[in-house]
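**Q** Sequence:
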Amino acid sequence: MSLTGAQVLQSLALGQTLMVLPALGDTYEGRTAATIAALMMVLVNEAAASLERRRHGSEALAAMFRRHADAVDDPALATDLRLGTRPGDPHEYLGARFERMMKLLTVFHDWADRAHPAAAAECRAFLSAFHNADVIDPFSLGDGSYAS
Numbered sequence: 001m002s003l004t005g006a007q008v009l010q011s012l013a014l015g016q017t018l019m020v021l022p023a024l025g026d027t028y029e030g031r032t033a034a035t036i037a038a039l040m041m042v043l044v045n046e047a048a049a050s051l052e053r054r055r056h057g058s059e060a061l062a063a064m065f066r067r068h069a070d071a072v073d074d075p076a077l078a079t080d081l082r083l084g085t086r087p088g089d090p091h092e093y094l095g096a097r098f099e100r101m102m103k104l105l106t107v108f109h110d111w112a113d114r115a116h117p118a119a120a121a122e123c124r125a126f127l128s129a130f131h132n133a134d135v136i137d138p139f140s141l142g143d144g145s146y147a148s
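FYI, the numbering for the sequence shown is 1 to 148, going by full-length UniProt numbering.
Take these hints with a grain of salt, some might be off.
Unchecked claim - With beta-carbon atoms standing in for the labels, derived distance ranges:
1. 94 with 115: 28 to 34 Å
2. 128 with 27: 43 to 49 Å
3. 103 with 128: 17 to 23 Å
4. 100 with 27: 46 to 52 Å
5. 24 with 107: 51 to 57 Å
6. 133 with 34: 25 to 31 Å
7. 70 with 113: 16 to 22 Å
8. 25 with 2: 31 to 37 Å
Hints listed in this document are in silico derivations from the structure and should not be mistaken for laboratory results.
Note that the structure is predicted; figures quoted are calculated from it, not measured.
For each residue, glycine too, the CB sits at the ideal point set by N, CA and C.
Working from the sequences, and respecting the hints, build out all of it.
**A** Dropping the structure here:
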C-alpha cells in the first residue's frame, strides 16, 4: 500500500495534533506545534486544489486548441494542436499532461501573437485566470470566512 504525498502530510498533521499537542499543552512549543499542524493541513488542501486546477486547466487548453486548430496556417502546429487535445495515456500523471499542454500553449501563443490577435487575447486570458486561481488559501481550514 502506498500513500500519496497529501495523505502522508495529513497523517503527520493528525499525529502532531493528537499526540504532540496534548503533551506540550498551552506553551510556546505547543502553540508552535499547533501552527505547524495547521500549515500542514493547508498544504494538504492545496494539493487537492492544485490537482483540480490542473485538470480544469488541461480541459480549458484542449478546448481552446480545438477551436483554433483549423485557423492555424502552420501545418506542424495545427497537427500538434489536434494531437495535443486527445486524451493522453490513462496512466499519464495529470501534472505531466498539464505540462505538455502548457508547452503547446507557449508555441500556440507565439503563433497567435504574430497571426491571430483574438487567439492571442484568449491565451493571455487563460494565463491570467490560471495565475489568479493558483494561490494557497490559508483559510480553507475554517468556515470560509476571513475574520480572525
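**Q** Indicate, hint by hint, whether the structure satisfies it.
**A** Against the structure, the hints:
| no. | hint | in the structure |
| --- | --- | --- |
| 1 | 94 with 115: 28 to 34 Å | holds (31 Å) |
| 2 | 128 with 27: 43 to 49 Å | holds (46 Å) |
| 3 | 103 with 128: 17 to 23 Å | holds (19 Å) |
| 4 | 100 with 27: 46 to 52 Å | holds (50 Å) |
| 5 | 24 with 107: 51 to 57 Å | holds (54 Å) |
| 6 | 133 with 34: 25 to 31 Å | holds (29 Å) |
| 7 | 70 with 113: 16 to 22 Å | holds (19 Å) |
| 8 | 25 with 2: 31 to 37 Å | holds (35 Å) |
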